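Going down the list, the sequences are from chains A and B. Under our numbering, the first residue of the first sequence carries the number 1, and numbering increases by one thereafter. Under our numbering, the first residue of the second sequence carries the number 1, and numbering increases by one thereafter.
Derived by calculation from the structure, the hints in this document are not laboratory data. What you are looking at is a predicted structure, and each value in this text was computed from that prediction instead of being measured. Just so you know, even glycine gets a beta-carbon here, dropped at the ideal spot from N, CA and C. Treat the hints loosely; a few may be bogus.
[Claimed, not checked] Looking from chain A toward chain B, a few residues come up when the C-beta cut is under 10 angstroms (computed):
(1) His18
(2) Ile43
(3) Asn178
(4) Arg204
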Amino acid sequence: MAIDKPKNKVEGLEEKVHVWPYLVRLEFLCALFTIIGLTVWSIVIDAPLEEAANPTKTPNPSKAPWYFLGLQDILVYFDPWFAGVVAPVLIIVGLMLIPYLDINPKGNGYYTYEERKVAIWVYSFGFLVLWIALIIMGVFLRGPGWNLFMPWQYWDPHKVVALVSVDLPYAFGVRTYNMAMLFGAAVVGGYFAVGTAAYFFVERKAIKAVGFLRMFIKIQLYLIMIGIVIKIVLRLAFNIKYIMVTPWFNI
Amino acid sequence: MADNKPGIPSIAGLVAKIKSGELFEEIQKQVLSSQIWTSSFRHGYADTPRNRVLQIASNVWLHLHPVKIQRHALRIKFTWCMGGITFLLFLSTVVTGVILMFYYRPVGEYAYFDMKYLQYDVPFGMLMRNMHRWAAHAMVITVWLHMFRVFLTGSYKPPREFNWVIGVFLVTFTLLLSFTGYLLPWDQLAMWAVTVGTNMARATPFLGNEGPFQEYVFGVSAQYDARSALIGGSIVGPPALLRFYVLHCIFIPLVAGALMIVHFWRIRKDGGISGPL
Ligand code: HEM
Chain A
1 MAIDKPKNKV
11 EGLEEKVHVW
21 PYLVRLEFLC
31 ALFTIIGLTV
41 WSIVIDAPLE
51 EAANPTKTPN
61 PSKAPWYFLG
71 LQDILVYFDP
81 WFAGVVAPVL
91 IIVGLMLIPY
101 LDINPKGNGY
111 YTYEERKVAI
121 WVYSFGFLVL
131 WIALIIMGVF
141 LRGPGWNLFM
151 PWQYWDPHKV
161 VALVSVDLPY
171 AFGVRTYNMA
181 MLFGAAVVGG
191 YFAVGTAAYF
201 FVERKAIKAV
211 GFLRMFIKIQ
221 LYLIMIGIVI
231 KIVLRLAFNI
241 KYIMVTPWFN
251 I
Chain B
1 MADNKPGIPS
11 IAGLVAKIKS
21 GELFEEIQKQ
31 VLSSQIWTSS
41 FRHGYADTPR
51 NRVLQIASNV
61 WLHLHPVKIQ
71 RHALRIKFTW
81 CMGGITFLLF
91 LSTVVTGVIL
101 MFYYRPVGEY
111 AYFDMKYLQY
121 DVPFGMLMRN
131 MHRWAAHAMV
141 ITVWLHMFRV
151 FLTGSYKPPR
161 EFNWVIGVFL
171 VTFTLLLSFT
181 GYLLPWDQLA
191 MWAVTVGTNM
201 ARATPFLGNE
211 GPFQEYVFGV
221 SAQYDARSAL
231 IGGSIVGPPA
241 LLRFYVLHCI
251 FIPLVAGALM
261 IVHFWRIRKD
271 GGISGPL
């Protein structure tokens with residue numbers, strides 16, 4: 001089948017077409033199939049209705065609606081102030097900033113991987129791994145006590161999981177509270193400082209064209225995103241609970 | 001020959017007629033010249049460029065479109081049709097939602113039993129409820145896919161930055177619409193999912209009673225913080241049901257609808273669907 005590539009104009013074909021009938025008929029067909037699909041789905045599968053709400057009977061596990069399960073899963077690794085409040089705000093603000101941070105003029109209005117590799121990687125990683133994969137895990141693999149169960153395993157509500165995790169300063173032999181706080185602050189602060197400095201060094205030629213503020217915000221958002229992954233890995237591989245413990249909040 | 005008797009057309013002849021399109025032309029001619037048709041429609045539709053423009057420009061619903069678009073904007077491989085399907089699913093939830101509202105009362109004593117009544121006694125009640133719920137879930141998925149497509153085609157780049165920002169508001173409101181609706185069946189699933197979700201507000205820095213720095217803000221307590229403002233109390237109870245109902249049926253749909261209007265208007269003002277220059 002001959003597919004006309006938009007880039008090389010096909011000889012003799014007009015660039016502009018009438019919306020009626022060309023677009024309207026497509027929309028009509030699309031709408032028809034969607035509505036048929038929705039109707040069949042609704043005839044075949046009933047919406048769930050469990051027993052009446054009962055504030056004295058907490059189900060185990062209690063799950064948020066499926067589209068928030070990625071965030072609920074992050075709760076394993078972060079305290080609620082981050083996973084439930086700061087992270088969603090950062091996601092929303094970060095998404096809104098994308099057009100103002102990505103000033104690569106290429107790849108505007110067509111599919112291309114070659115011309116904007118970093119952008120595609122970052123977005124796809126965030127969407128497909130940190131959002132979709134965590135949702136799939138939350139829906140199918142998280143059982144009672146928010147423990148991980150494989151699909152063939154029985155959801156045992158009495159499954160015992162050893163809580164052996166320690167905080168990072170402790171793992172490094174820091175034993176007093178104040179020293180641990182300092183140590184943690186140094187690690188977190190150092191991570192952001194070194195990450196930012198390294199980024200500016202590697203991209204030093206771009207500072208003039210891209211702008212300092214833009215690059216600064218961009219690297220902070222990258223570092224937070226990478227930091228989330230680092231923290232997940234630290235917990236799963238090394239049983240590290242918090243990196244920084246303060247009287248007010250823990251990271 | 002036997003199979004050529006008048007009145008009994010041969011199968012092969014019929015297939016040939018279908019293939020050549022002759023059959024459809026014949027049917028069309030029959031219908032268009034029938035008395036019912038000619039008495040209903042005073043004149044035919046001539047497929048002229050002027051009429052094609054008028055079909056769009058003089059129709060209150062269709063004039064959301066421009067009258068002409070770039071050829072490449074038609075390609076489903078480019079848009080995945082996801083923006084349009086999202087809008088259609090939104091409209092489906094509006095229609096089915098209005099019907100559900102006829103039978104549903106957002107009151108602790110009634111809500112759950114209204115759902116039962118709707119499912120078992122209202123004609124097509126179960127179907128309406130299913131369509132409403134599945135359309136809402138599907139909308140969440142299609143809006144994410146739409147966003148992914150817009151990202152992959154780089155369509156947020158100038159001059160469409162602002163429409164992307166509106167889009168982020170739209171995806172947020174889509175999730176909030178779905179979330180507020182989740183409580184309304186007033187069953188165990190609803191109550192505990194919303195409990196888990198709104199518990200997060202407790203941890204809001206400064207404003208939640210278990211959040212960082214709350215001790216420095218005067219008056220924050222379990223009865224009076226970011227979470228209690230959301231659910232009208234310290235647990236997910238009847239006040240939360242009423243709040244979520246009002247948000248779900250009135251406030252968020254109005255805001256999301258207004259944003260969609262701006263979204264569509266901006267698509268046109270930004271020069272139509274993005275494409276290679
Ligand atoms: C309720 C949700 C939404 C509806 C009903 C909606 C609807 C649409 C429609 C019908 C189009 C036309 C092209 C197409 O179908 O792809 C479109 C384009 C667009 N949408 Fe959305 N949208 C929604 C959410 C979003 C979101 C979440 C974003 C991004 C964050 C977004 C950003 C855009 C942009 C930038 C365009 C222009 C694309 C181009 O020029 O190629 N929209 N939208």
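Comparing the hints with the structure gives:
1. His18: Hint holds; A:His18 Cβ to chain B Cβ min 4 angstroms, cut 10 angstroms.
2. Ile43: OK, holds: A:Ile43 within 10 angstroms of chain B, min 7 angstroms.
3. Asn178: Hint violated; A:Asn178 Cβ to chain B Cβ min 19 angstroms, cut 10 angstroms.
4. Arg204: violated, 25 angstroms
Of the numbered hints stated above, those contradicted by the structure are hints 3 and 4, listed in ascending order.
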